Amino acid sequence: MRQGLTWFNSASLILGFLFLYLPIALLVIYSFNESRLVTVWAGFSTKWYSEMWNNEGLMNAAWVTFKVAFVASTFATVLGTLAGLIMTRFGPFRGRTLFSGMIYAPLVMPEVITGLSLLLMFVAISLDRGFVTVTIAHITFSMCYVAVVVQSRLITFDRSIEEAAMDLGCTPGRTFLQITLPVIAPAVVAGWLLSFTLSLDDLVIASFTTGPGATTLPMKIYSQVRLGVTPEINAVCTILVGLVATGVLVASLVTRRQEMQREREERAAQAAP
Amino acid sequence: MSDSGTAERNSSTSAARKRWEPWNDPNERPHVQIANVTKRFGDFVAVDNISLDIYQREFFSLLGPSGCGKTTLLRMLAGFELPSDGQILLEGEDMSGVPPYQRPVNMMFQSYALFPHMNVETNIAFGLKQDGVPKPEIERRVAEVIDMVQLNAFARRKPHQLSGGQRQRVALARSLVKKPKMLLLDEPLGALDKNLRTQTQFELMNIQEETGITFVIVTHDQEEAMTVSSRIAVMDHGKIVQVSTPAELYEYPNSRYVADFIGEVNILEGRVAEREGDHLLVQSSEAGCTIKTGPSADEPAGRQVWIAIRPEKLNIALQAPPETGVNCLSGEVWDIGYLGNLSIYHVKLDSGKMVTATQANMARLIERPITWEDRVYLTWAPDAAVVLLN
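As they're listed, the protein sequences go chains U and F. Position 98, counted from 1, in the first sequence is what numbering that gives the first Met the number 0 calls 97; the numbers after and before it change by one each time, with no gaps. Position 303, counted from 1, in the second sequence is what numbering that gives the first Met the number 0 calls 302; the numbers after and before it change by one each time, with no gaps.
It should be emphasised that the hints constitute simulated quantities derived from the structure, not laboratory data. Since this is a predicted model, take the numbers as computed values, not measurements. Think of the CB as a built atom: it goes at the ideal place given N, C-alpha and C, for glycine as much as any other residue. There's no promise every hint is true.
Claimed, not checked - To give an idea of the interface, some chain U residues facing chain F are shown, with a C-beta separation under 7 Å as derived from the structure: (1) Ser159; (2) Met165; (3) Asp166; (4) Cys169.
Said to hold, decoys possible - So the derived label-pair ranges between C-beta atoms look like this: (5) F/Arg39 to U/Phe98: 24 to 30 Å; (6) F/Glu143 to U/Leu239: 33 to 39 Å; (7) U/Arg158 to F/Asp349: 54 to 60 Å; (8) F/Arg39 to U/Asp200: 51 to 57 Å.
Kindly generate the complete structure, drawing on both the sequences and the hints.
Set out below in C-alpha cells:
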C-alpha cells in the first residue's frame, strides 16, 4: 500500500533533515558573513574565501593532508586487497580466525589507542615523526576498510571465470591481473575512496603521530578553533563540504545511470531470440 | 572442413556398412585413458577407482544424478583437481603434473564463465592471445568460430547484452577456438529452456562432427545423453555402472539402476524356475505368471532375478490371449494418460503391482477402445524381457 505525504510523514522528514543538516547549513551561511564575528550577521561577502587562499598555514596544511591521503589510501588499497583476497581464497588455514579478527580489529579499536600505540612504536624505533609516520599510521587504520569492501565483493565473485582463464592458457598470475582485478575494480576503487576520505578527516591518529612541518588540515582547523572560530575556517569547511557532496552526487548519478542502462540492455537481450 | 568430415562418414558407411566403433577395435589406441582414478575429499570418495578409455572423435557422456562424481571426473580431466590415486593419460602422456593452463584440453563451464568485462570477440580471442598467436591469425580464427556459432551480429556485445542461448554459443566458441585435443562440457545445456535445448543438441553434434574434436560431456539429463552421445558412462556414487552405446544401454541395461535411470521401465521380481533351451523360465508372483525370457545366460534355479520390460514393448488388449500362463499380465486399467501421439496406461495387476504400458495411437480415434477399470491383458515378445541380476 502506498501512502501519500501525511502531515506526520512530512513533519518527521523535515525534522530529520533539520537535525542532520542545520549545523552544516549554518556553517555555510556564516562563511559568507561580512563580519569577523561568527555569530553576528553583517551582510553578504566572499572576502573570507580570498583571505583563505592567502593564509599560507591553512594552504600548507591542506596540501599535506592531500598528499598523506593519496599515498596512504594507495598503499592501504594494495594491502587491503591482498588481505581480502586471502580471507576469501585460502579456505580454512591455521590461524584464519585470528587473522580475520586482527584485520577487523582496527575498525572498532578506539582511535586514541591506535594513535598512542603507533606513537610508542615510532618512538621505540626512533623514527622521526612527520609526513612518513602520519602516512604509515593512516595506512594502518584504513587498510582494514579496504579489506572489508574487497572481501565482500570477492564472496559473490564467480570463481569459474578464473578457472576458464586458466583453462584457456592463462597462468595464475596473469589471470589475477587480466581477469580478477578488472572484475573487482569497482570494489577496489570504492575501497580507495573510502580510505582517502578517512585519511582526509582523521584528527586523533594524526595528532599522535605527526611532527613539525606535517600538520594536517583537521589538526590545523582544530587548533585554530581553540583560539576562536574565524570565518576563514568556515570557508575552508564549506569548500570541503562542497567537494565531498559533489563527489558523492556524481558517483551515485553515474552508477545509477550505468545500472539503468545495464538493466535495459539485459532486458533487450532476453527479449531477443 | 565440414565437407571432408561428411564425405568420410558417407564413404565409410556406404563402402563397408561398418559401424564406427573404435571401442570394439583392438587395434585402436584410446585418445584418453583414465586408469584406476580415485578422488577423495577428506573421508568422502567422490570418484571411486574408475577406469575408462575414450577414443578420438567420440562424443562421450558421463551421465548420473547430482553428486555421483561426474563433474569431479571432468574437472580432473581439465586439471582443476588432481587424482588422489591413478592416472589420466592423454594420447599416452601422463597428465598428472600438467596444470590446467598447459593442457591441450578446453572446458565449457556450466555457468559459461564468460569474462564480463570483455565483449564477444575479446572473450573468444582470449585463449589465442595467451598463446601468443599473431594478431592476423587471431582475427581470422575468431571470425571463423563466430561464423560457426552464428554470432556475427553480436561480436561487439558484452556478455550481459546477450540472451542465455547466445551466451552459451560464446562459451562454446571460446572453448573451440584453440582447437583443443579434447573438449569438456559441463552441463552445457542445463540453463537453456526445453525447445532451445533440443535444437542446440543437434547443433553440438554437427559442430563435433565438423571439427572432429573429442567431446566429453557431463549431464544429468538422460534424453540429452541419448541424443548426442556415441557412448555413455552411467555413474552412481563415484563408480561407473555401465559404459555402452545409447541403444545398448536402453535395450540391454546391466542393472536395475541403469534400466530405471535410462527411460521408463517395468521391473518384476521373480525366481528362476528352469532353463529351456537358450532362455529361462522365471516364476514371478508379482507378475502372476511364468515369464519366458529372451536368450540369456544360465542361472541356477531358485536364484532371485528381476525382469525389465519397457512400457512401449507391452501390448495391451481387452481379449485374453490363447495362453495366459506364460508372458501375460492381467489387471485393471487404473489410469490413462493421453498425449496425442501416445497413450499411457497404468495397469494394476492382480498382485497389486502397477505396470505401465504405452501404445502409439496409430489410428484416429476419438473414442478409446480401452478405458478405466477395463480388464486388460498385457503381452510381449519373449526377447523384450531383460533379465537383471542386481
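Status of the hints after comparison with the structure:
{"no.": "1", "hint": "Ser159", "verdict": "holds, 4 Å"}
{"no.": "2", "hint": "Met165", "verdict": "holds, 5 Å"}
{"no.": "3", "hint": "Asp166", "verdict": "holds, 5 Å"}
{"no.": "4", "hint": "Cys169", "verdict": "holds, 5 Å"}
{"no.": "5", "hint": "F/Arg39 to U/Phe98: 24 to 30 Å", "verdict": "holds, 28 Å"}
{"no.": "6", "hint": "F/Glu143 to U/Leu239: 33 to 39 Å", "verdict": "violated, 57 Å"}
{"no.": "7", "hint": "U/Arg158 to F/Asp349: 54 to 60 Å", "verdict": "holds, 57 Å"}
{"no.": "8", "hint": "F/Arg39 to U/Asp200: 51 to 57 Å", "verdict": "holds, 54 Å"}
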